[in-house]
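Participant: Here are the chains, one letter per residue:
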Amino acid sequence: MEGAQKPLELILARNLLTSISTPAFLVDHAGVLMFYNEAAGALLGIPFEEAGRMGPEEWGMRFGPFGSDGERIPYQELPLTVALRDGRPAHASFRIRSANGEEHDIAVSAMPIATDEGTSGALAIFWPVDDGRGSGEAGR
Amino acid sequence: MKVKVWGARGSVPSPGPEMNRYGGNTSCVELKLSDGETLILDAGTGIRSLGVALAAGMPNINILLTHLHLDHIQGLMFFPPCFKTDSRITIWGPSSPEASLEHRIARYISAPLSPVEVRELPCDVSFLDTPASEWEIGSARIRAESVTHRGPTLGYRITEGDTSVCYIPDHEPGLGAPLDGLEQEWISGYDLAHGAQLLIHDCQYTDEEYPDHVGWGHSPLADALTFARRTEAERVMLFHHDPLHTDDFLDSFLGTAVERWEALGGGATQLELAAERRELEVGAARELAAG
Numbered sequence: 588m589e590g591a592q593k594p595l596e597l598i599l600a601r602n603l604l605t606s607i608s609t610p611a612f613l614v615d616h617a618g619v620l621m622f623y624n625e626a627a628g629a630l631l632g633i634p635f636e637e638a639g640r641m642g643p644e645e646w647g648m649r650f651g652p653f654g655s656d657g658e659r660i661p662y663q664e665l666p667l668t669v670a671l672r673d674g675r676p677a678h679a680s681f682r683i684r685s686a687n688g689e690e691h692d693i694a695v696s697a698m699p700i701a702t703d704e705g706t707s708g709a710l711a712i713f714w715p716v717d718d719g720r721g722s723g724e725a726g727r
Numbered sequence: 025m026k027v028k029v030w031g032a033r034g035s036v037p038s039p040g041p042e043m044n045r046y047g048g049n050t051s052c053v054e055l056k057l058s059d060g061e062t063l064i065l066d067a068g069t070g071i072r073s074l075g076v077a078l079a080a081g082m083p084n085i086n087i088l089l090t091h092l093h094l095d096h097i098q099g100l101m102f103f104p105p106c107f108k109t110d111s112r113i114t115i116w117g118p119s120s121p122e123a124s125l126e127h128r129i130a131r132y133i134s135a136p137l138s139p140v141e142v143r144e145l146p147c148d149v150s151f152l153d154t155p156a157s158e159w160e161i162g163s164a165r166i167r168a169e170s171v172t173h174r175g176p177t178l179g180y181r182i183t184e185g186d187t188s189v190c191y192i193p194d195h196e197p198g199l200g201a202p203l204d205g206l207e208q209e210w211i212s213g214y215d216l217a218h219g220a221q222l223l224i225h226d227c228q229y230t231d232e233e234y235p236d237h238v239g240w241g242h243s244p245l246a247d248a249l250t251f252a253r254r255t256e257a258e259r260v261m262l263f264h265h266d267p268l269h270t271d272d273f274l275d276s277f278l279g280t281a282v283e284r285w286e287a288l289g290g291g292a293t294q295l296e297l298a299a300e301r302r303e304l305e306v307g308a309a310r311e312l313a314a315g
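So the sequences go chain by chain: E and C.
Mapping of the first sequence onto the numbering used here: residues 588 to 727, in sequence order.
Mapping of the second sequence onto the numbering used here: residues 25 to 315, in sequence order.
It is worth saying that the hints were derived from the structure and are not from the lab.
Idealized CB from N, CA, C, for every residue including glycine.
Any given hint could turn out to be false.
Example chain C residues on the side facing chain E (calculated, C-beta under 10 Å, incomplete) [what the hints assert, rightly or not]:
#1 P121
#2 S124
#3 L125
#4 H127
#5 A130
#6 S134
#7 A156
#8 W159
#9 P197
#10 A201
#11 E209
#12 W210
#13 I211
#14 L216
#15 H218
#16 T293
Here are the in silico distance ranges between beta carbons for each label pair [claimed, not checked]:
#17 E:A617 / C:S157: 19 to 27 Å
#18 C:G205 / E:E690: 45 to 53 Å
#19 C:H237 / E:S608: 18 to 26 Å
#20 E:M641 / C:H237: 31 to 39 Å
#21 E:V619 / C:K26: 39 to 47 Å
Could you put the whole structure together from the sequences, leaning on the hints where they help?
Facilitator: Structural data, given as structure tokens:
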């Protein structure tokens, strides 16, 4: 038995992400980026199949993010990190830089994925708020 | 390991002359281990006849429930050993943060649905959540893992020596993800089924029926076969037949399944549809498949 299979709740979360057009991230219990969907890939300028898995600090740095003052936001303060660490939903707005250099202001909501055995990961949905798709239109 | 099917139907019992060959009883499979121990997989209506067949010779009984949908527990109340004072029955099933396994099963074995209550059963019965890690019953090692279905649902892998049987009667691994292109680590049930000598797997729908049942928790033929090929099961028994599928329909369905299976690179002798009272020895099945 190789034991390489992901927990069912992560499998189901990934299946959900592949089926929606809302940009979304999925990380495992250690904060490793396991997957992001096509909509997120379009926003980030690189599909997940090319970017691949990344450790928490790498994905936290790769696309910014920056606060309104232009300063990089520490990985520890990002919604996904908070959701995973504290086991609660978290929300923030900031700016990211895509792989092709474009910058986007986005709003991010993250939530932990908890089971009887503990937190097995977290997912975050995010939404650009700088291109006419403001939060009021998030139900597209 | 000897396997005997006592109920292969899904959803609801479907008796009738047009169902006699594959049977109308719901999910129940008996596994006989080499040390004489018997494991019972699910307690659909097929368990009633199994209980009659066990007669007096089986004081210790382990029942492994995949989940608590009625077609997997309905036979419990009519399982003769439940009404014998010298029976010791252990019922294993999925845990829930909402209520204990006993409490959840007692919702069925209680008024007004039942004339008896769990506490009135004369047998010595205990209810145990399946452990997170592998455990032993007799000479077998048991592994239970959650799989994609509606509500908390387990699949089982039972291993004795180098022989393994995997039982996933209710499973929709292709929901939201095409199985043929998915990495194996992202396939529900993959580790349970990988390399099993016998995989007993959900195949409730034809591919034509499936679009009207997406998300109901069951597999169409294409996904059942792809899952079996991806997990490299040596022999496959398609299970949980739809209550609308008659014997004649299933005979035709088997023909289609074998063609599709061979197109995927499988051998015709590896594949069958579960039928009530079907018996096979998994070691023997392994030799047959290899031949």
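Participant: Now tell me if each hint is right for this structure.
Facilitator: Now for the hints, and whether the structure bears them out:
| no. | hint | in the structure |
| --- | --- | --- |
| 1 | P121 | 6 Å, holds |
| 2 | S124 | 13 Å, violated |
| 3 | L125 | 13 Å, violated |
| 4 | H127 | 16 Å, violated |
| 5 | A130 | 21 Å, violated |
| 6 | S134 | 25 Å, violated |
| 7 | A156 | 6 Å, holds |
| 8 | W159 | 14 Å, violated |
| 9 | P197 | 9 Å, holds |
| 10 | A201 | 5 Å, holds |
| 11 | E209 | 5 Å, holds |
| 12 | W210 | 6 Å, holds |
| 13 | I211 | 7 Å, holds |
| 14 | L216 | 8 Å, holds |
| 15 | H218 | 7 Å, holds |
| 16 | T293 | 26 Å, violated |
| 17 | E:A617 / C:S157: 19 to 27 Å | 20 Å, holds |
| 18 | C:G205 / E:E690: 45 to 53 Å | 33 Å, violated |
| 19 | C:H237 / E:S608: 18 to 26 Å | 24 Å, holds |
| 20 | E:M641 / C:H237: 31 to 39 Å | 38 Å, holds |
| 21 | E:V619 / C:K26: 39 to 47 Å | 44 Å, holds |
This entry does not satisfy hints 2, 3, 4, 5, 6, 8, 16, 18, going by the numbered hints stated previously.
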